[in-house]
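Since the structure of chain X is already known, use the hints to place chain A on it.
Sequences listed follow chains X and A, in order.
Everything in the first sequence is counted per our numbering, starting at 1 for the first residue and increasing by one.
Everything in the second sequence is counted per our numbering, starting at 1 for the first residue and increasing by one.
If you're looking for bench data, these hints aren't it; they were derived computationally from the structure.
To list a few chain A residues with every Cβ distance to chain X over 12 Å, as calculated:
#1 VAL19
#2 THR20
#3 ARG22
#4 ASP63
#5 PHE65
#6 PRO70
#7 LYS71
#8 SER73
#9 ARG81
#10 GLN84
#11 ASP86
With the Cβ distance kept under 7 Å, some of the chain X side facing chain A (calculated, not the full set):
#12 GLN42
#13 GLY43
#14 ASN100
#15 GLY104
#16 GLY106
Chain X regions said to be covered by chain A (calculated; three or more residues, Cβ under 8 Å):
#17 45 to 51
#18 87 to 99
The C-beta atom is built at its ideal place from N, Cα and C for all residues, glycine as well.
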Amino acid sequence: AQSVTQLGSHVSVSEGALVLLRCNYSSSVPPYLFWYVQYPNQGLQLLLKYTSAATLVKGINGFEAEFKKSETSFHLTKPSAHMSDAAEYFCAVIPTGANNLFFGTGTRLTVIP
Amino acid sequence: DTGVSQDPRHKITKRGQNVTFRCDPISEHNRLYWYRQTLGQGPEFLTYFQNEAQLEKSRLLSDRFSAERPKGSFSTLEIQRTEQGDSAMYLCASSLEGLELGQQYFGPGTRLTVT
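Excised from the complex, chain A in its bound form:
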């Protein structure tokens, strides 16, 4: 297993366009998290899934954002009608419930630039 992967690594889009990111967690991990990191800040939690159920969403996740994990494996994060303020690094992490006391494994991130 090669760890958490994210695709694409970089995305440049024009304001108003929709974008979708993909995250493939470590295969046996049942929990998957999305975070957003802006320049000079630490990552901020957006949402998390346990298997296919989305159990928690942050207030940061506006109605333009939607995340899915349809089969409890990979996840997608879609941003509709992108705004310049959406420019950030989007990080995905996964973990196995009950193992390693909450340790999360992070992917390399998708850097979004909205022009």
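Only chain X is shown next, with the shape it has when bound in the complex:
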């Protein structure tokens, strides 16, 4: 079954430091990949998506992710963390031939002042 694995359920960074959230997918065929963010008591908001057009994908709020087929990875990065980035982040995939999203277990990002 195609799925995603998020390494690290909790990540803490200092304000202004690099943010790196890890996601690996399992698929023999590159699927559609997504990063969503969830703020407390809110729904999921799309940060960015990979749809095979470009391997480096830029999203909202300064986030970007790079699709690496050789590593089956789609890690999320942001050069400088802001307090407002504190949230839960989910990597998700729509496998080839499927219609619904399969989510990872999420990574809670804490930003330390």
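Leaving out everything else, chain A in the frame of chain X:
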């Protein structure tokens, strides 16, 4: 258009009671999805509709759960004889087939607590 809306936002019920949630998708979206999210987990797919047809159901959707989308617009999710294990956030999402390569827009969710 204000996005996907869900009602109620919170529901507390006693075990054994029936509950019904409503989702209003983005108006031009023909696909509607239901997901369930438990504490510390990512959302899990329950079911999806294309227009009024329910095209796929997850094994998570036991026979106590039923979803409808009678006119291809809003959808309802009913849980009969609720159990404590049903306590979760129920998320609704919508999308437009063939547009934005599968991007789904999520509502704020309905948080169900079964006591």
